[in-house]
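A.B. asks: We have chain A already, so just place chain B on it with the hints.
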Amino acid sequence: MGSQTQTINEVKDIIDDKYKYGFVTDVETEKAPKGLNTDIVRFISAKKNEPEWLLDWRLKAFKRWLEMPEPKWARVNFPPIDYQDAFYYSAPKTMKDRPKSLDEVDPELLETYEKLGIPLKEQEVLAGVAVDAVFDSVSVATTFKKKLEEAGVIFGPISEALERCPDLVKKYLGTVVPMGDNKHACLNSAVFTDGSFVYIPPNVRCPMELSTYFRINERNTGQFERTLIIADQGSYVSYLEGCTAPMRDENQLHAAVVELVALDDAEIKYSTVQNWYPGDEKGRGGIYNFVTKRGACRGRNSKISWTQVETGSAITWKYPSCILQGDNSQGEFYSIAITNNLQQADTGTKMIHLGKNTTSRIISKGISAGQSNQTYRGLVRISAKAEKTRNFTQCDSLLIGERCGAHTIPYIESKSMSSLTEHEATTSRISEDQLFYLRQRGIPEEEAIALIVNGFCREVLQQLPMEFAVEAQKLVGISLEGSVG
Amino acid sequence: MLELKGLRVSVDGNEILKGIDLVINTGEVHAIMGPNGSGKSTLAYVLAGRSGYEVTGGRMIFQGDDLSELTPEQRAANGIFLAFQYPVEIPGVANATFLKEAMNAIRRQRGEDELDTMEFMKLLRLKTGNLGMSSEMLKRAVNVGFSGGEKKRNEILQMAILKPRLSILDETDSGLDIDALKIVSDGVNKLRSPDTSAVIITHYQRLLNHIVPDHVHVLAKGVIQKTGGKELAQELEKKGYAQYTEEAA
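Those protein sequence lines, which keep their order, are chains A and B. Counting with this note's numbering, you get residues 5 to 489 for the letters of the first sequence. Counting with this note's numbering, you get residues 234 to 482 for the letters of the second sequence.
Bound conformation, chain A alone:
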């Protein structure tokens, strides 16, 4: 069965239940009291048995957060967030004593991931992908640990890394995204719960794809994961991230921070398929996805490549960026953002060229449908010392229907005379001619739109690891369900 066919079948399956990941798992949870104050910060830190320095760091971040203004420059609208009306820590009770192996994990949790299409039992998992499963505030399981350890790769929850390799965490945490970077990142620094930690030793090519699957389950709970990936000299890793949440009427906050560090000759490929609950067709509910992702190409000849497929969330505020410090380093950003109904997305990237001969490439494909609005916001900054750097940016927007909007806001700041930047942008609609042509060949309208949109996104879809590309292609069809007619 072709991927297109699968898309359509799935679109049909979800006519009554448009967001198929919208179920709730009934597990007993242990939560911190509602609200946010220094006691809550201490509570979280104590739950994770953290060292003193980290608690101090969190408290410092909390203090700064109180004084920081909300970022207002993005083209998104939402009522003020009541930070006191949410829970900042929620963990399944069965996770109190951390399970030693998958056999000890609560079957209810394993079943949740199975329903999401992420089986955690190793014999059932696609060979070649190791998964860290994060449920609300804790990591519930990490697969293929043994195989990774043999290669010297450290992969697992960041709370565990703090016990196993505290020095590495301390050395890099907050060095790419400083705690005071922006209000959302600052909040994360104060209350971050679980997230993944990855360390690839020198000259190791990670033997499998690493993947973290984030799931928000509890009502009124924010998710504040923190991911830190370090690729030591000459190493390579490909990391994938997926996210879903139940359908709820209230908005839930997801304020994550992701930091990547690539040393000399190292390469990190980071792919995201973001499918948080987008809210219903009237704009009720959905996740506020306020995420700070940044990679530092610290070493010479290093490379960081971001690929994102953003289809979910009520509001997306996200700019995966690269700081190109090392000479000859490369940054890439490939993005597909799809908004439907009343979704809002303000997303893009920053490429900061500091080293000589650095190159960056930005390919952004935005698809707006329904009454949604989206903005590509990008910054290419070339410092005076960054000689002979190059940037290529291409932003294409596709509009479906008459009531949606697409905006492209590229900033280019170049202080280097020997550098070259190129920017191309297009906005188009799915034409009546294209739809009629495909329908005349027997392809029904929604399938025809999915086919045209998949074609429009092809350059980006090709960047995804294969297992994800198929899922992403299906998502494209599902996200646009009901966008015509």
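Calculated from the structure, these hints are not laboratory results. All figures in this text were calculated on a predicted structure; none of them were measured in a lab. Hints may contain errors.
To be verified - Per label pair, the in silico range of CB-to-CB distance: (1) Lys415/B with Met470/A: 19 to 27 Å; (2) Leu70/A with Thr304/B: 53 to 61 Å; (3) Gly344/B with Pro111/A: 14 to 22 Å; (4) Val377/B with Ser422/A: 54 to 62 Å; (5) Val377/B with Arg407/A: 24 to 32 Å; (6) Gln342/B with Arg407/A: 29 to 37 Å; (7) Lys389/A with Val377/B: 40 to 48 Å.
Using N, Cα and C, we set each Cβ at its ideal position, and we do this for glycine too.
C.D. replies: Okay, now just chain B, sitting in the frame of chain A:
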């Protein structure tokens, strides 16, 4: 197979077809000829179900079904194929993918099993070879960067894959050089069978040297002015359309 009774069609409130009567039996090839603006392409589009082409009177019966009640994709599944005068580009979608989606969409609507990629590619290579086309064309995005001739050949390839009951060729000869014209008409002739019918819409007689029609109709001013055998096409070639446009005025 197809019966049109007093068919009247308006576009943007202007009546273009003013009462067309036409019967096409199984196995027949009909040519519809006429000057520019006579409503030839309108006839093709209304049969295929393009939006904006409003049926204001009369009926279109295809194999017992009233076509007005069917969506374009249902008409395609019932066996109507339109070879476009201007084939449309679909960037990023490989020709082979498009053909497979189309074929399986039709099979699904007919309640038939879908072909898997292996079976489909085998069929596709066979048909491509039969039409003397290179398989390189299958990897390229649908019609993107195709020459005029390649686009028209691509239409014939689609026709060969989808095996329609009724093919409507809308000015397929326009923009073709003599070699391409021959390749395209050979393709159409190969698909001719006692079970299928075709409507060839053309301005010129030259395509009809290659695809010999059973009946020729002259369409002008929104009605069929004259019907005859293949010799009528030759007569038109000599005398032009002037007599029909003037007489009808």
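A.B. asks: Do the beta carbons of Val377/B and Ser422/A sit within 54 to 62 Å of each other?
C.D. replies: violated, 36 Å
A.B. asks: Verify the CB-CB distance for Gly344/B and Pro111/A against the hinted window 14 to 22 Å.
C.D. replies: violated, 41 Å
A.B. asks: Starting from the hint 53 to 61 Å, judge whether the C-beta atoms of Leu70/A and Thr304/B obey it.
C.D. replies: holds, 59 Å
A.B. asks: Does 29 to 37 Å hold as the CB distance between Gln342/B and Arg407/A, or does it fail?
C.D. replies: holds, 31 Å
A.B. asks: Given a hint of 24 to 32 Å, does the C-beta separation of Val377/B and Arg407/A actually sit inside it?
C.D. replies: holds, 29 Å
A.B. asks: Given a hint of 40 to 48 Å, does the C-beta separation of Lys389/A and Val377/B actually sit inside it?
C.D. replies: holds, 42 Å
A.B. asks: Go ahead and decide if the range 19 to 27 Å is satisfied by the Cβ distance of Lys415/B to Met470/A.
C.D. replies: Once the Cβ atoms are compared, 43 Å apart, the range 19 to 27 Å for Met470/A and Lys415/B is violated.
In terms of the numbered hints stated before, the structure departs from hints 1, 3 and 4, listed from lowest to highest.
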